[in-house]
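Participant: Each chain, written out:
There are 2 protein chains.
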Amino acid sequence: MTTLRTPGPTIGVVGGGQLGRMLAEAASPLGVEVVVLDPTPDCPAAPVVRDQIVADFDDEAGIRELAARADVLTFEIELADQDVLERVSEDSGTPVHPKPSTLRTIHDKLVQKRELEDAGIPVPPFRAVDDADDIRDAIDDYGAPVMLKARTGGYDGRGNVPVESKGDAEEALESVAGPAMVEAFVEFEREVSVIAVKGDDEIATFPLGENIHVDEILRETIVPARSSEAATERAYEVARDVLEVMDGRGVYGIELFQTPDGEILLNEIAPRPHNSGHWTIEGAHSSQFEQHARAVLGWPLGSTELRSPTALANLLADVEENRDAQLRHVDRVLETPGATLHWYGKRQARPGRKMGHVTVSGRDEDAAVEDLLETARELEDAVTFRSQ
Amino acid sequence: MTTLRTPGPTIGVVGGGQLGRMLAEAASPLGVEVVVLDPTPDCPAAPVVRDQIVADFDDEAGIRELAARADVLTFEIELADQDVLERVSEDSGTPVHPKPSTLRTIHDKLVQKRELEDAGIPVPPFRAVDDADDIRDAIDDYGAPVMLKARTGGYDGRGNVPVESKGDAEEALESVAGPAMVEAFVEFEREVSVIAVKGDDEIATFPLGENIHVDEILRETIVPARSSEAATERAYEVARDVLEVMDGRGVYGIELFQTPDGEILLNEIAPRPHNSGHWTIEGAHSSQFEQHARAVLGWPLGSTELRSPTALANLLADVEENRDAQLRHVDRVLETPGATLHWYGKRQARPGRKMGHVTVSGRDEDAAVEDLLETARELEDAVTFRSQ
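Taken in sequence, the protein lines are chains P and U.
Under full-length UniProt numbering, the very last position in the first sequence is 388; numbers go up by exactly one each time.
Under full-length UniProt numbering, the very last position in the second sequence is 388; numbers go up by exactly one each time.
Please note that the accuracy of each hint is not assured.
[Unchecked claim] A few chain U residues that face chain P, going by a derived Cβ cut-off under 8 Å, partial list only:
#1 PRO47
#2 HIS329
#3 GLU365
Everything labelled a hint here was simulated from the structure, so no lab data went into it.
Since the model is a prediction, treat every value here as computed from it, not as a measurement.
Beta carbons are placed, not taken as given, at the ideal position from N, Cα and C, and that holds for glycine.
Please build the complete structure, drawing on both the sequences and the hints.
Facilitator: Okay, structure coming up:
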């Protein structure tokens, strides 16, 4: 039986960015404390956590200190080092969730896709790339374009290069600069994602979200997704199968392609709360961050039910060059009923950087998600990081 | 126009109890930082605020330090000293909201009632008490019982003594031990409260809550209150009139009596977020804590609309003597759809002490508040601070 205490359990988090910050916001009402490890002094999570250990994500001494202060370790960035985490966890006896083995699988997109395919998860056709010939062979087999991906280190579309023709193969491979894989380009009708939670002996899924990307960066998420019932059910089924492959408790962001004929194919997995799940803070009865805290502690997961249809728009820095973070004209966001502003506490606005988000929740269950999306976009357009 | 920045503005809060903690939880998504001053090392707010200054609530040096670190000062307990706050604010240039003059009015229940009566606010008949004769005169005029109240320092019903007959007057007066006042005992049908917000040039009210007290301690709040439309409208009207008397921005908890014929009489005012407003965290589109942060900063207030009917049950320590705070059997709370647990981070469970609360939110707009109350009570009964 779960018992609340003071002081409560402490979650040690590798990474203190916005995900660590929102985790801390959600952990506090449960009496759960958070300590983060992050190399940036006064990182986004710092003002609302018990403490920040200033150290690199793979700094073993720092992670040992984190383990000594925590009841469980987790991570909010894939830059966490699975070997260091595994070693520290074994030595300290502080568990890590999700497991470092999961991080190892996910770190290398080729290994990830192979393991998922072996487990019967539908993935787009893919192959390893040793040289440009492999890309050209892929174009022969899958048709152009194909998607060349760095096997490690990519995020927000970085490290992903579409290859339009065989003649572009060499250049594309050089631009990736490292081990690569190639995938068939999926002509999807929409991208959707399932925020799924693996608990102690239960799993839970949040309602299906539909993601709207521009230039491969997630701009908006709407919930519920405009998918058919069959496609939605299939997405949950795939998500549950994915969780079977993942080792360790926690929240997983599972990005999926939905094809015009309703087929669901896995795109990518994040072994942590995900940008496309931020809508859960207002839109669901518990948030992905609360679920992550519950899961890594081995507590009951509870309800992930939809509260009302919700649209989320990311606030990306609309600047040409780096500058101090100042978001102007937020009055309209603050004044709009059902709109909620989330500021990530980053000091510097860099071109295209995610600085915060706006959620617009329906005022009842029957709110039309298109209307909410329209409002979210209007609010996103009303604010700016520029000084003008 | 409001601008978000990193670091954001800092609110300096006198008091670091659960109200300071929930304020910090609500301030973070707005990029607003919180520093608290509290004499208890590692007070409830400590794990989620930027910093705690360990000092007594009226410690002038401590409050000067707080003012130096803050953009605006506020308080979460009436034990804040109005004179010190006024002096420090004048010297430092850091504003205080609500104004110390409001605290001065509210500190002395007799002064408070006089000012409110002068402003045309309906209050129960009352008078000053210099000696037991004044109590006996009150019984002659208002009928028995009457309510004897300490003019200063009372809260949660402490310092309130019902006097059943003239023969009890002496003893009652001795038990209050200090300046007192006496009020007619109001035969109310229900106690309700309006959480009202005074902004820069606007005011807002949350939907009317109905409060259920046992032994003069607030046990449960349900929203919407089961009041008639006319009584509800009258409560908002009285609340708005009360805000006219109060000086300075912020959230005010306005407790009212509703008589069987629908009359509304003022009971008490708290110049801060109030226990009877904790339901707003889940039940409204913004919480009283977010509203307090916005108000003291002079930001737009936004929507205080109901999201769905909600019941709140306080978690009082069901212990016979002081012991370490451990709340057992919380699984059922964690597992119940629509239920949310709030832990205040107090280290010690003292008999009857408020240690946390449970909110049960309706899964749609039409949820019956009686059903929600029943669930909240079941959950309250399921948990315990006893070891058994």
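Participant: Please go over all the hints and tell whether each is borne out by the structure.
Facilitator: Taking the hints in turn, this is what the structure says about them:
{"no.": "1", "hint": "PRO47", "in the structure": "holds (5 Å)"}
{"no.": "2", "hint": "HIS329", "in the structure": "holds (5 Å)"}
{"no.": "3", "hint": "GLU365", "in the structure": "holds (6 Å)"}
In summary, this structure violates none of the numbered hints.
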